Structure formats: C-alpha cells, structure tokens
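K.L.:
Go ahead and model the full structure; you've got the sequences and the hints to work with.
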Amino acid sequence: MSLCGSIEKGKGINMLYINDLTKNYGSFTAVNHLSLHIPEGDLFGFVGPNGAGKTTTIRIVCGLLRASRGSVRIGSTAAAVGSKEMKRMIGYVPDFFGVYDNLKVREYMDMYGSMYGMHSRDITKLTDDLLELVNLSDKKEVYVDTLSRGMKQRLCVARALLHNPRLLILDEPSSGLDPRARVEMKELLKNLHSMGKTIVISSHILSELSEMCNSIGIMNRGQLITAGRIEDIMQQISGGKRMHIQIASGMETATRILKEQAGVKIESVRENEIMILFSGADEEISALIGLMIQNQVVLTGFYREEGSLESLFMQLTGGGAQ
Amino acid sequence: MKLRWNPIVKKDLQVTARSMRLSWGLFAYEAVLTMAFLLALSVIQQMGSSFYSYGNVYGYLIYLFPVLSVAQVCIVALIVPIITASAISGEKERQTFDIMLTTCMSPFSIVLGKVMSAVLRILFFVAAGMPIMALAFVVGGLSWSYLFYFVLTIILLSLLSGSVGILCSALCHRSITAVILSYAFYFVIYILTFLPMMLKGLVAQVENMGESMLPLLFNPIIFYEEFFMQLMAGESLFGGETSNFTRSEVGFLTYHLSQGKVWMFLSAACIFLLSFLLLLAAAWKVNPMNASSGRKRKQN
Ligand SMILES: Nc1ncnc2c1ncn2[C@@H]1O[C@H](COP(=O)(O)OP(=O)(O)O)[C@@H](O)[C@H]1O
Ligand SMILES: [Mg+2]
Numbered sequence: 001m002s003l004c005g006s007i008e009k010g011k012g013i014n015m016l017y018i019n020d021l022t023k024n025y026g027s028f029t030a031v032n033h034l035s036l037h038i039p040e041g042d043l044f045g046f047v048g049p050n051g052a053g054k055t056t057t058i059r060i061v062c063g064l065l066r067a068s069r070g071s072v073r074i075g076s077t078a079a080a081v082g083s084k085e086m087k088r089m090i091g092y093v094p095d096f097f098g099v100y101d102n103l104k105v106r107e108y109m110d111m112y113g114s115m116y117g118m119h120s121r122d123i124t125k126l127t128d129d130l131l132e133l134v135n136l137s138d139k140k141e142v143y144v145d146t147l148s149r150g151m152k153q154r155l156c157v158a159r160a161l162l163h164n165p166r167l168l169i170l171d172e173p174s175s176g177l178d179p180r181a182r183v184e185m186k187e188l189l190k191n192l193h194s195m196g197k198t199i200v201i202s203s204h205i206l207s208e209l210s211e212m213c214n215s216i217g218i219m220n221r222g223q224l225i226t227a228g229r230i231e232d233i234m235q236q237i238s239g240g241k242r243m244h245i246q247i248a249s250g251m252e253t254a255t256r257i258l259k260e261q262a263g264v265k266i267e268s269v270r271e272n273e274i275m276i277l278f279s280g281a282d283e284e285i286s287a288l289i290g291l292m293i294q295n296q297v298v299l300t301g302f303y304r305e306e307g308s309l310e311s312l313f314m315q316l317t318g319g320g321a322q
Numbered sequence: 001m002k003l004r005w006n007p008i009v010k011k012d013l014q015v016t017a018r019s020m021r022l023s024w025g026l027f028a029y030e031a032v033l034t035m036a037f038l039l040a041l042s043v044i045q046q047m048g049s050s051f052y053s054y055g056n057v058y059g060y061l062i063y064l065f066p067v068l069s070v071a072q073v074c075i076v077a078l079i080v081p082i083i084t085a086s087a088i089s090g091e092k093e094r095q096t097f098d099i100m101l102t103t104c105m106s107p108f109s110i111v112l113g114k115v116m117s118a119v120l121r122i123l124f125f126v127a128a129g130m131p132i133m134a135l136a137f138v139v140g141g142l143s144w145s146y147l148f149y150f151v152l153t154i155i156l157l158s159l160l161s162g163s164v165g166i167l168c169s170a171l172c173h174r175s176i177t178a179v180i181l182s183y184a185f186y187f188v189i190y191i192l193t194f195l196p197m198m199l200k201g202l203v204a205q206v207e208n209m210g211e212s213m214l215p216l217l218f219n220p221i222i223f224y225e226e227f228f229m230q231l232m233a234g235e236s237l238f239g240g241e242t243s244n245f246t247r248s249e250v251g252f253l254t255y256h257l258s259q260g261k262v263w264m265f266l267s268a269a270c271i272f273l274l275s276f277l278l279l280l281a282a283a284w285k286v287n288p289m290n291a292s293s294g295r296k297r298k299q300n
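So the protein sequences, as listed, match chains A and B. Using this note's numbering, the first residue of the first sequence is number 1, and each one after it goes up by one. Using this note's numbering, the first residue of the second sequence is number 1, and each one after it goes up by one.
Lysine to aspartate or glutamate pairs mimicking EDC-like chemistry, simulated, CA-CA at most 20 Å apart:
hint, chain 1, residue 1, chain 2, residue 2
1, B, K10, A, D145
2, A, K125, A, E141
3, A, K190, A, E132
4, A, K84, B, D98
5, A, K104, A, D138
6, B, K10, A, D122
7, B, K261, B, E225
8, A, K190, A, D129
9, A, K265, A, E284
10, B, K10, A, E107
11, B, K92, A, D95
12, B, K10, A, E141
13, B, K92, A, D101
14, B, K92, A, D145
15, A, K140, A, E107
16, B, K285, B, E93
17, A, K259, A, E271
18, B, K10, A, D101
19, A, K190, A, E211
Sample of chain A residues at the chain B side, in silico, Cβ under 7 Å:
hint, residue
20, R66
21, F96
22, G98
23, Y100
24, M111
Simulated from the structure, these hints should not be mistaken for laboratory data. Bear in mind the structure is a predicted one, so any value in this text is a computation, not a measurement. We treat Cβ as the ideally placed atom computed from N, Cα and C, and that holds for glycine.
P.N.:
Shown next, in the form of structure tokens:
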C-alpha cells in the first residue's frame, strides 16, 4: 500500500529514516504506514494539503508525540525517539509558536542554549554568528515580543540551530508571513542548504517548495504518495509516463498482464480503469496493448497523462483537502 | 559537574522581575500583612487594657509571631497554585512548551524549574514581609532563629503547593481549570486527611483512635500547629503534657510519634516526599512518550 520514498541517487548516506510510521488518534489514522528516507544534505519538501499528517509526522520525529507503530532513526545512530541523543541531532521550528514577553533576543538564545547544556561562552559566540546569519544582529537587545512575525520566525530558526543539529525541521515556515518575509525565509533556507545542513520543510503549497527544494515527498490523508528528487518527479510527469487504461471487460486478465510486465507499476485500480506508471520505451507500450487484446481484454481507452508538478499534486491529493 | 542554574528558573525570574505583576503582588502582600499586624495589635491592646495590668501587654505581643506567620502561610498556600497552575498551560498555549521538550531538558527538570521559580518568587514576598515580622520579634522578644525556621517551613509549604499546582497544570489544558483543580487537591490534603480520625472518633465512637491520625502527617495545618506549639510552648500534638495521648487512646505508632518533636520532623519529611511524588507525576504526565492518546491541538 505505502510507497517507500527512498532516494537512491543521493550522496550515499541517508540522514533520516522513517519506517512504517503509523499514528492513530482513536479510530482515526493520521499517519498511515509512512516510510521515507531522506539523504544527507538534502533540502526536502514535505507537501500535502491541510490535515494530511505532516505536522503529526514531524512531531513524532521530534519526540513530541508517540507513534502507534513504526520507527524513526537518524543517520547511522541507534538513538531512540525522544532520547537526549536524538534531540541533540534535531532542530525543530514548530508551525505556530509564541515568544515570552519581557525577554530579550540575547536572553532568549541564552535560555535555549543552556537547555542544551551549552556553556555560556559558547552560547554568546554562537548567538552572534547565528543572529548574523538570520540577519538579526542589530536586534540583540530588543524584546522578542516586539519583533515582527518574520523576524520571530528567523529567530526561531537561529534558536533551532544553536546546538548545531544535524537535521533542521521546519513546519510550515512561511505560513502567516508576508511575501517579503517569505522571500527572506527562502533565502535563509537556501543559504543553510548550501552550507550542507539537511533540512526538512513542510508546506501545503507545492510551488513554494519546488523552487528551493531538491527533493520532495507528497503526502495525502496520512499516506506518502510519492517521494524523490524534484527532477525525477518532473520527468515522470513531463514524460507522460502515467497511463490510464480503460477496460470494459477482462479486468482480472489485464491486471495480471500488467503485473507481470517489467517496468510497469500499478498505481490504482478502479472499477473500469487502471492507472499505471510506465518506465519502458514507446514500442513496449504498443506490445503491451497488443498482449492485452490478444488475451480478450476489451480496451475502451488508453491515454497518457500530461501535466505539471502542480497538476500532479492536485490530482494526487484530490478530494483530500476539506 | 558544575552546578548550573536551571534555565527555566533564570528565564522566569528575568521575566517576572520586569513585569508589573510582581510590583502589584508585593504591594498586595505587604498590605495584607500590615492589616493582619494592625488587627492583631488592636486585639492584644484590648485584651491587655481590659483584663490585666499595663505591663502585661508585652507578654501578649509574642503572639504577633504566630498570627503574622499564619497570615503569610495562608497567602502563600493560596497564591502558589495560581502562579504554578499557569506555568505549564501557559507555555503550552504559546507552544514554547513543545520547543522546551525538544531540547535536552528532561521533563522532570522542566517541572522542577517551574516549581523552583515559584518558590523563589514566594521568597521575594517573604523577604519583603520581613520588616513587619521583625517587629513581632523586637516587641515580642522571640529568638531570631525562629525566623529562620519559619522561612524553612515556607519553602516546604510553597514546594508542596507548587507541586500540586504544577501537576494540575500538567493535567489541564486551561490555566483556570488547573487553579480550580489545585484547590480541589488542597481539599484532599487539608480536609480529607482528617476523615479517618473523624470516622473513628465521631461515627464509630470508639475509645481507641488507633492509627487513624497518621494521614495527618501530610497535612500542613497539623504541621504548622506542631511547629508553633513547639516554638512557643515546647509542647506537642494537640496540647501539653496533661492532655497528651495515653497509650490506650491511640495506636502504637501514633503514641510514639506524638512525643516531643518527632511528629513535626516526620511530618516535614512526609510533606517533602509528597511534593516529590507530585513532581514525578507531573513530569510523567508532560513527557510525550507517556501520553496515551495525544492532546487536541489547535488546527491550522
Ligand atoms: N490530537 C489530535 N487528536 C485527534 N486528531 C488529531 C490530533 N492532531 C491531529 N489530528 C488529526 O490528524 C490529521 C493530521 O493532522 P496534521 O498532522 O496536523 O496535518 P497537517 O500538518 O498535514 O495539516 C488531521 O486530520 C487532524 O484533524
Ligand atoms: Mg500542519
């Protein structure tokens, strides 16, 4: 049922392993057998409509929620979710967060630094560097609650980087930001990516991620629909490799033939339509059609899908958003 | 390992020190204390002038100490839950609590930090009340060491009240329900601990109380009763030598505990232990790895 979004072409090692992750709220399944591997150094976009289960997945990875089943692993370590060791490796920026009244930017950083057990000398030095990076150097002595929304968000990123995590996770980092702050945020993340950090960003807007991410995963109703490098997914679509086969009778035979055929991946089977992903050459398609007709399958339609990443997303997640 | 400030205590104190709430709180505290002082003074003066000769008034001034102490004890017991009950739910509302949980702070140190910052804030108040307390000493002629013991008991009491508050804060989503639940907890600690004794004495009408008074070890009312009795008169449980229990009136344990200062120290230990257990329970509750179903979150 679920699709393992392993991205093999990366730099070899994966940073984040999510295996068979499931989260139930009572009888409701928010995350359904999700498996996902994210390579080191990637800027990974996690897309899906509201309620797809992105936040739930992220919170499980960060140790804020217990999974009903499945496992999460970082790199080659054996640290358990929620352990101190794991927490040291993750920097988390939640989707919504507030700040304290009456606390200055410097003190804010100082507090979180000491929560990681860092020495105050190191914190001071790192705070300077990080505030420089997120363009807040001149705000060191300013109260955090007076910062603009975008500044708070960047401060939160700086805070999440304080303990030098291997993996930075941002949940909907641009929700509630004005366009200018969005651009600044995007530049900051690209910058961090070029510095070699592995970053995971969730969003419900695909176009926002497709510009900056090098790989994405699309999630809907708790399931991962597809994941991979952006080029691969693009190619998959622009090559028109997704086929719809409409069948009047001989459904079982057709399904069997398609299953046996190399290079064919059945995506969905409906009452009289099969959707497949085809990775072979054009001649093989005609051979495939011939084979089905020979076996008394009555074909009424056969077409390739055309489209953009956006239409793929809309189609895959169709009916998912309430 | 170097002893460090709990980061939460440091932050809370920084934030509190800058807020107007602290100033108003201090003002209210001082005002109530002054009122208690004046009231006690006028009562004492009336007693002195009506019954006894003039010189004896000073003999009564010694009672300013318990009166003012009790006033402070009541204020502390009432306000600490209000401070701590919003501690966790307040952080949850801002979702700063989630961020805290993703750091290397253990749930226990988060909870402990919150209670310690409440205890320290209470000590601000008590320190501010010292001049009025000192008056009771100057005119009452008590030993200064009593003041020190009193501060120790206040720390113990605010630790207990803070632990109750923090557990309720961990159990409730909203601060106001947490405060109400804290007072319900108070009812158990302060009132229901009398229940076994009352059942035995009043309902069953038995002569021997057995060990039915042991739950009172956890009751701060009895602890303070013992504390003041010991300090002021050197007597123990519910009266002096003559009215003390005999072996036939109470169980073996209660009889031995009611001699001398044993009850007071054991009660302090019990209250401390109870606070610790409440803290552990709160830490267990806020640890997301123990959550049964997950709390309802605001939808985005
Ligand atoms: N505490 C909860 N109790 C019950 N259902 C929840 C809870 N948290 C989230 N959900 C449900 O889980 C689904 C996934 O939510 P979420 O992970 O926040 O989605 P996303 O971040 O992709 O918008 C939603 O349908 C939501 O209603
Ligand atoms: Mg979300």
